[in-house]
Amino acid sequence: MNGPSALPRGFEDLEPFVEQWALEDFQARNEHRFAAGMAQVQAFYDAVAPRAPAILDHLDPLPLDALSPDEKRLYQLLMAVAHCALSVEFHGQLAPPNSTYNPAVRIVKGPSPP
Numbered sequence: 001m002n003g004p005s006a007l008p009r010g011f012e013d014l015e016p017f018v019e020q021w022a023l024e025d026f027q028a029r030n031e032h033r034f035a036a037g038m039a040q041v042q043a044f045y046d047a048v049a050p051r052a053p054a055i056l057d058h059l060d061p062l063p064l065d066a067l068s069p070d071e072k073r074l075y076q077l078l079m080a081v082a083h084c085a086l087s088v089e090f091h092g093q094l095a096p097p098n099s100t101y102n103p104a105v106r107i108v109k110g111p112s113p114p
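Every letter in the sequence shown is one number past the one before it in UniProt numbering, and letter 10, counting from 1, is 10.
Hints may be right or wrong, so weigh each one.
[As the list claims (entries may be wrong)] In silico DMTMM-like pairs for lysine to aspartate or glutamate, Cα to Cα no more than 25 Å straight-line: (1) Lys72 with Asp25; (2) Lys72 with Glu19; (3) Lys72 with Asp13; (4) Lys72 with Asp57; (5) Lys72 with Glu31; (6) Lys72 with Asp60; (7) Lys72 with Glu15; (8) Lys72 with Asp46; (9) Lys72 with Glu24; (10) Lys72 with Glu12.
Hints are computed from structural coordinates only; laboratory data are not their basis.
With the sequences and hints as input, model every part of the structure.
Here is the structure:
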């Protein structure tokens, strides 16, 4: 990436994931997880999950409604890796085995900041 950093200092190594994974809300993250495929989900998870403690250390003292744009993108990456953890850590595939979950279900309201 050329120009200013898309993420706070110290997290520049995660910038390759910003465009695809720093998404606004639950619905966008959920749809992208299913559309990306397991190989991309695994690669994203492998890169970001080990950094989760450092991300939490950085974001924890900050009010969610006052995050700067680069901090908001970092928060969005953390939320996306939480989505991917379901596939990687629990299911070993994108959706739970033998489930009837429909990824087209629309979540219209959630607890995260806008």
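The hints, checked one at a time:
1. Between Lys72 and Asp25 the CA atoms are separated by roughly 11 Å; this keeps the pair inside 25 Å, and the hint holds.
2. Restraint check for Lys72 and Glu19: satisfied, since their Cα atoms lie roughly 13 Å apart, inside the 25 Å limit.
3. Between the alpha carbons of Lys72 and Asp13 the distance comes to roughly 16 Å, so the proposed pair stays at or under 25 Å and holds.
4. At roughly 14 Å between alpha-carbon atoms, Lys72 and Asp57 fall within 25 Å of each other, so this suggested pair holds.
5. Distance restraint check for Lys72 and Glu31: the Cα-Cα separation of roughly 20 Å lies within the 25 Å cut-off, and the hinted pair is therefore satisfied.
6. Distance check on the hinted pair: Lys72 and Asp60 sit about 12 Å apart at the alpha-carbon level, within 25 Å; holds.
7. At most 25 Å may separate the alpha-carbon atoms for a hinted pair to count; Lys72 and Glu15 meet this at roughly 13 Å.
8. With a C-alpha separation of about 21 Å, the suggested pairing of Lys72 with Asp46 holds against the 25 Å cut-off.
9. With a C-alpha separation of about 9 Å, the suggested pair Lys72 and Glu24 falls inside the 25 Å cut-off, and the hint holds.
10. Proposed proximity of Lys72 and Glu12 is supported: the alpha carbons are some 14 Å apart, at most 25 Å.
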